[in-house]
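**Q** Construct all of the structure, not just a fragment, from the sequences and the given hints.
Residue numbers (the numbering used here), protein chains in the order written: chain B, 2 to 374; chain P, 2 to 374; chain E, 2 to 374; chain R, 2 to 374.
If you are wondering where the hints come from, they were derived from the structure by calculation, not from laboratory data.
Watch out, some of these pointers could steer you wrong.
Put simply, identical chains are the same to the list, so a pair is met inside one copy or across any two.
Heads up, simulated DSSO-like pairs for lysine-lysine below, C-alpha to C-alpha not over 27 Å straight-line [what the hints assert, rightly or not]:
(1) K293 / K143
(2) K178 / K272
(3) K54 / K6
(4) K293 / K178
(5) K272 / K293
(6) K217 / K272
(7) K293 / K217
(8) K64 / K6
(9) K217 / K228
(10) K95 / K228
(11) K178 / K64
(12) K272 / K228
(13) K54 / K293
(14) K95 / K64
(15) K272 / K143
(16) K178 / K228
There are 4 protein chains.
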Amino acid sequence: MRTLKFGLIGTGYMGKSHAIALHSVAAVFPLSVVVECEMLADITAQQAAVKAKEMGFSRATGKWHELVNDNEVDVVDICAPNGLHKDIALAAIKARKHVYCEKPLALNAVDSLQMALSAEEAGVKTMVGFNYIKNPATQLAKQIIDSGEIGDIVHFRGTHNEDYLADASVPMNWRLKRATAGAGALADLGSHIINVAQFLVGAISAVNGDLNTVIKERSTAGSVIDKESVENDDQAHAMLRFNSGAIGTIEASRVAWGRKMGLTYEVTGSKGSIVFDQEHLAEIQLYTSDQKTSRQGFKRILIGPEHPDYQNFCASAGHGVGYNDQKIIEVRDLIEGISRDQAIWPDFRAGYEVALIIDAIEESYRLGQWVHV
Amino acid sequence: MRTLKFGLIGTGYMGKSHAIALHSVAAVFPLSVVVECEMLADITAQQAAVKAKEMGFSRATGKWHELVNDNEVDVVDICAPNGLHKDIALAAIKARKHVYCEKPLALNAVDSLQMALSAEEAGVKTMVGFNYIKNPATQLAKQIIDSGEIGDIVHFRGTHNEDYLADASVPMNWRLKRATAGAGALADLGSHIINVAQFLVGAISAVNGDLNTVIKERSTAGSVIDKESVENDDQAHAMLRFNSGAIGTIEASRVAWGRKMGLTYEVTGSKGSIVFDQEHLAEIQLYTSDQKTSRQGFKRILIGPEHPDYQNFCASAGHGVGYNDQKIIEVRDLIEGISRDQAIWPDFRAGYEVALIIDAIEESYRLGQWVHV
Amino acid sequence: MRTLKFGLIGTGYMGKSHAIALHSVAAVFPLSVVVECEMLADITAQQAAVKAKEMGFSRATGKWHELVNDNEVDVVDICAPNGLHKDIALAAIKARKHVYCEKPLALNAVDSLQMALSAEEAGVKTMVGFNYIKNPATQLAKQIIDSGEIGDIVHFRGTHNEDYLADASVPMNWRLKRATAGAGALADLGSHIINVAQFLVGAISAVNGDLNTVIKERSTAGSVIDKESVENDDQAHAMLRFNSGAIGTIEASRVAWGRKMGLTYEVTGSKGSIVFDQEHLAEIQLYTSDQKTSRQGFKRILIGPEHPDYQNFCASAGHGVGYNDQKIIEVRDLIEGISRDQAIWPDFRAGYEVALIIDAIEESYRLGQWVHV
Amino acid sequence: MRTLKFGLIGTGYMGKSHAIALHSVAAVFPLSVVVECEMLADITAQQAAVKAKEMGFSRATGKWHELVNDNEVDVVDICAPNGLHKDIALAAIKARKHVYCEKPLALNAVDSLQMALSAEEAGVKTMVGFNYIKNPATQLAKQIIDSGEIGDIVHFRGTHNEDYLADASVPMNWRLKRATAGAGALADLGSHIINVAQFLVGAISAVNGDLNTVIKERSTAGSVIDKESVENDDQAHAMLRFNSGAIGTIEASRVAWGRKMGLTYEVTGSKGSIVFDQEHLAEIQLYTSDQKTSRQGFKRILIGPEHPDYQNFCASAGHGVGYNDQKIIEVRDLIEGISRDQAIWPDFRAGYEVALIIDAIEESYRLGQWVHV
Ligand SMILES: NC(=O)C1=CN([C@@H]2O[C@H](COP(=O)(O)OP(=O)(O)OC[C@H]3O[C@@H](n4cnc5c(N)ncnc54)[C@H](O)[C@@H]3O)[C@@H](O)[C@H]2O)C=CC1
Ligand SMILES: NC(=O)C1=CN([C@@H]2O[C@H](COP(=O)(O)OP(=O)(O)OC[C@H]3O[C@@H](n4cnc5c(N)ncnc54)[C@H](O)[C@@H]3O)[C@@H](O)[C@H]2O)C=CC1
Ligand SMILES: NC(=O)C1=CN([C@@H]2O[C@H](COP(=O)(O)OP(=O)(O)OC[C@H]3O[C@@H](n4cnc5c(N)ncnc54)[C@H](O)[C@@H]3O)[C@@H](O)[C@H]2O)C=CC1
Ligand SMILES: NC(=O)C1=CN([C@@H]2O[C@H](COP(=O)(O)OP(=O)(O)OC[C@H]3O[C@@H](n4cnc5c(N)ncnc54)[C@H](O)[C@@H]3O)[C@@H](O)[C@H]2O)C=CC1
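**A** In structure tokens, the structure reads:
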């Protein structure tokens, strides 16, 4: 079997999760290639070396350029802050590497488009880490919608709310600055729910949004006196119009006390509805209009072997998948896409389509009116 | 004890509910007056007579004018379709009756204001039937917010979704025509959630909404061939900005398959959150930021004797209240407001404030931009 | 229309609830008689007079004997502590009154049988206040089971857990003494879930139980020094075998921290299951084995107009009923049973059947083995 | 770093799950040894070879004896049917291998004790695959109980119900025969919940149970005509008494329609309660008695980095763990126990303690009375 060698950049939250997925995927899914964890880059050579050992990578570097241009590396996996995605990805594409990049793809739509076009021109495969659409439950929702079981979609309501910055005493970090993060909750969390909306309901034609920064200043990390401005939104919501005629809303917040994984959606169709909550990630609620009135209700479907990509994790229904299992499915899609030269979704183009919506929401906020995409 | 004599107009869904509340209230709450079900008006004298017997009213009439001007009637209780509220209420006020009117107060804000001004000038008491804010659970939410326990409110998301018109084969009825109903789901259901938003978060300063009619034609009632246009929205949503600086969204739908009583809200503050779902009407979920990280979570508080207005229904917590119990509380507030000459809320002015928001949402939809209220 | 005059004994928790139901029932259900709240008895004449005014009864007495023998009283309604049920009921039956008695029927099965036999001999109607089986949701469960939709019942698990005595500092009261209460949690709460088990699954043929008193002493009410022994169980559970071949368990506790209304059951059949929780009293969860594997799940059915006895409360599904609404249905069944001379369930015989199981569980506990009923 | 080489026997449901865990564990947890998937045994050499390739094992054999006695193998991992556990484990112990064995440890307590004694004598490490107690949520429950936060435990109710054999047309398989499985649902699922009860509440002193075979015959696998007897229980429940004085019940069923992963428990203490449901495996409900009455309720705690063993999977709370993540924790405990020569739990002795309870429940069923353990 051919081998596919990964070079991972960034060893924080996502770096760890990608490493777990890369090491686990072959045990879960039959693959057509052998995956190797070849090289790891971090902010210094020393940290990279430590992490490489910890995370099971063969080699390490303090310079991502080295990794990107290393002859052994087949796939560049970007788990660095948003502001670095573009430079790393363009360099990787130039070096004819496939690129696996965390979300949001870049700081804005223009950059995202440049990345997508470069990759398409170079003929390399790309994937963006919107893992929630890889959840078997959400794949099931998609199957149900595509099958027509709930009819034509008429409404979508999605949220991705968390509370990781609700505490005003949390100091400044890269997520709060435009240069390193782009938009705030809208890009960090909103990008996921926009991607879900596009996955389940299709293209969005117009948006009209509102943004708000609740905690306007944060203490400089490490300092007790200094304060810095928060440069992007803490909470965002927008009304959406889809090409199909459906309407909807999305909402993202990083200051929503109590929400730890508040990615939820409710999709209403002309013949039924689906309700989902990522805090109970292994189930959906399904309502169909063909039920006898006296027996009608939402049905709680626990994910099982009959549903997409579950069987390989577990032979019994309802036993549950976890966060990292989504990344395993994502990595499988990437690997098989590369190995078999098949289309991958969500690729950089899909990442660009999300970025377009983010930018349009920001513009609609500035203009106070609808923006057509 | 003084007696307070009610004249009820309309004997449909709400007429029945009001009758139950009027007959039950004295057994639940200690009152300072004796309530009497004096007179009932319906569309014909015959139907009024039948219903009066059924619903325990002493006298009946086929003409609401007679009821409104009857010397014995102290309070006119309007449970007729929206389009009649204004004429009946103005006539009742002219006759110096107190007026209890179902929501929405009128077809639009202009009419609503006229009603409120007339009542204020005449010095009669008024109440609008926004019963959901009388639910002990929602009163508890209000208490918690007012106490500062969840800090300054930063976000509100409210919905009132039902599916009573999701089936496209349901024929035309008064709720679907502008002359009899005004707005669609926005007025019928949205009025409730707007009222809840104002109750919990305060005055709304600007709105920006979207409306949509999913089922554009319905068969004429009784006919197999004829079709008529639906004249108002099946689903509506809007972004809100509150005077306080909080932002939010509301949503109303009458075509949301599976939702039977989908009045929900999530109120996020700088120190905590409250989540509520009227399908589980006797509880709220409360999250406060003062919890130890390893023991943090939403707490499900079942309504009990320590909470507003529950004790009189039941001595034990968690035993539950039902829809009509809200109406009993509403009627108690009305009766005691009249008897003790105290302020009542929500009165016609509050009904007008809801109507203002409905009209502004419709205008924002036409203009495609924010409308300041 | 004929009138039916009620004499109520006891004005505590249940007295109030009965009074609400008696005053409300005619507004909810069409009745074939006029209900009158004729007389009220409490422990002193003074308290009775105060409560009669408060609760809308025409006359009052400090001696229940007077009420029981009053010529105007048609129905004696017993809301006094368990230890008084037998004497009052036998006196009432002797006076040829119909008797409505709170649960548990008496202190033991022998007394209960005597009461049932007297009533049957005298030809008076009786009812025991097991209101939970009047809940529309539980009536729906019964309908589903009777229809065969979930096949032959193979298992039943029921609980009735509360925490009203979990706090060890709550002082002694009548519920904790054999002479006034009989068994402890087993009689107070267990009687309800035994009645539910018999309602849904049929007669019980053998039991094997365990009892336990967690808090063995309580302070004498009003004293800071004196302590008294708790004379009955704080928590009880038992295995059941039904005539039908089904097996099951029940559990009752008054020290189950956090449970406010923990009456729950899960009924498993050869073709499906029903799950119920009284803290969400207006819904059941239904699973049927005929579902496509990839769409199988428990369905949450919100109670609506198509279900037993809901329509009269509300025209829309999912709007909810409360605790007192169950008592309204119970009172309707009693009134119509008397007025139309129809069988009533649960009558004193049904109360005796519950008492038999309670006694048998206590005996099985003493013997450490199965007891056949 | 030292290496630890695993030999896996059985490649069905559990074999796959163990393989995933062995391949993933080093990416999740820092380990003090290198894990190698050395050898795999299955029922034929051919199947073993195919599976070894699929599941990433270096060598394969059709004879488990070869694996057990292979010099390279350090740990024998038994994922074969229950009836084989004893022979394989004793052979492995004789060969001085550490043994990782799926639950239930053996067909009965006598065999289990022999296995535990052999291992103890030989000084090899053992572990039994009761993975549910490795769930971070259940580890948190244990922490809370041990900390005294809910006081002295007074009651435990546990279930492990599934519906994998509820369909009467599922043919005969090894789980239904005494020689290959031992007890039925009681051993297959009940063993888990007994283990949980012992983990959370401590040693059990007496049991009193009931057993029942709902579907008495099943068709011979592959045949349309032949039927065979089911030799063990489809559903079982028992009352428990713990050494501590707490009482409780457990329940196991393989015919509980609708339950896919129905491992649940409710632990009541003198100062609070914990409620858990494995279908929502990443959370517990906690109630403590120190709450203000008007703010009391069960708190839903989503598992996060502050809780046992979660941080290594994910840096954010509420993102969820899956079934296989429990196995990863289990394998980590095994590996580190071996590598650092530390005590492992649950080991074969713990497996024996579960077997004792299973046998005692069966005996209590035969005798119809309590059996002391
Ligand atoms: N798909 C998902 O659910 C999630 C995606 N993300 C995305 O993953 C990316 C990384 O986020 P986190 O892991 O949370 O951040 P983090 O702050 O935990 O980790 C960032 C890592 O990048 C490294 N890094 C920074 N500058 C670097 C440089 N010049 N060269 C090499 N390495 C460098 C840091 O040393 C650190 O290891 C972001 O784009 C974020 O939006 C983050 C969390 C969840
Ligand atoms: N607070 C709440 O939760 C609810 C409020 N409503 C409100 O209650 C009002 C009535 O609605 P429903 O009871 O659902 O309608 P409905 O259609 O069930 O009943 C309307 C009643 O008005 C009577 N009516 C019509 N024209 C009349 C006339 N000229 N004179 C006298 N009676 C006349 C009809 O005969 C009928 O008895 C509406 O304003 C509606 O928005 C309705 C349902 C719930
Ligand atoms: N169906 C249900 O869900 C419930 C049923 N119950 C049952 O209702 C009955 C009463 O219980 P609660 O109302 O909770 O008790 P409580 O202690 O609140 O009230 C008892 C009432 O009986 C009165 N009473 C006592 N001795 C009397 C006498 N000699 N003559 C006249 N009145 C006397 C007391 O003054 C008091 O008004 C009990 O049998 C209890 O088991 C209680 C609560 C719920
Ligand atoms: N911890 C847990 O949650 C679970 C534990 N188990 C336990 O795992 C064990 C295996 O169960 P499953 O994997 O469900 O069974 P299974 O029937 O799916 O797999 C059994 C495997 O053992 C192999 N096998 C049978 N005889 C063999 C022999 N003589 N030599 C070598 N291999 C042989 C079979 O070929 C098959 O690969 C059982 O003890 C069961 O109780 C099963 C499921 C869940």
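**Q** Take the hints in turn and mark each one as holding or not.
**A** Evaluation of the provided hints:
For the homomeric pair K293 and K143, the shortest alpha-carbon distances inside one copy (25 Å) and between copies (18 Å) are both at most 27 Å. Taking the shortest Cα distances, K178 and K272 sit within 27 Å of each other only across copies (24 Å), while inside one copy they are farther apart (44 Å). Proximity of K54 and K6 under a CA criterion of 27 Å is satisfied in both settings, with 16 Å inside one chain copy and 20 Å between copies. In this assembly of identical chains, the alpha carbons of K293 and K178 never lie at most 27 Å apart, being 54 Å within a copy and 29 Å across copies at closest.
Taking CA atoms no more than 27 Å apart as the test, K272 paired with K293 passes in both settings, with 14 Å inside one copy and 18 Å between copies. In this assembly of identical chains, K217 and K272 lie within 27 Å of each other by CA distance solely across copies; the values are 16 Å between and 45 Å within a copy. Only between protomers do K293 and K217 lie at most 27 Å apart by alpha-carbon distance; the minimum there is 25 Å, versus 53 Å within a single protomer. In this homomeric assembly, K64 and K6 come within 27 Å of each other (Cα to Cα) only inside a single copy, at 18 Å, whereas the closest approach across copies is 36 Å.
In this assembly of identical chains, the alpha carbons of K217 and K228 lie at most 27 Å apart only when taken from the same copy (10 Å versus 55 Å across copies). Taking the closest pair of Cα atoms, K95 and K228 never come within 27 Å of each other, the shortest separation being 40 Å inside a single copy and 62 Å across copies. Proximity of K178 and K64 under a CA criterion of 27 Å is satisfied intra-copy only: 23 Å inside one chain copy versus 62 Å between copies. Proximity of K272 and K228 under a CA criterion of 27 Å is satisfied inter-copy only: 21 Å between copies versus 53 Å inside one chain copy.
In this assembly of identical chains, the alpha carbons of K54 and K293 never lie at most 27 Å apart, being 60 Å within a copy and 34 Å across copies at closest. In this homomeric assembly, K95 and K64 come within 27 Å of each other (Cα to Cα) only inside a single copy, at 17 Å, whereas the closest approach across copies is 53 Å. Taking CA atoms no more than 27 Å apart as the test, K272 paired with K143 passes inside one copy only; the shortest distance there is 15 Å, against 30 Å between copies. For the homomeric pair K178 and K228, the shortest alpha-carbon distance inside one copy (13 Å) is at most 27 Å, but the shortest distance between copies (56 Å) is not.
Of the numbered hints listed earlier, those contradicted by the structure are 4, 10, 13.
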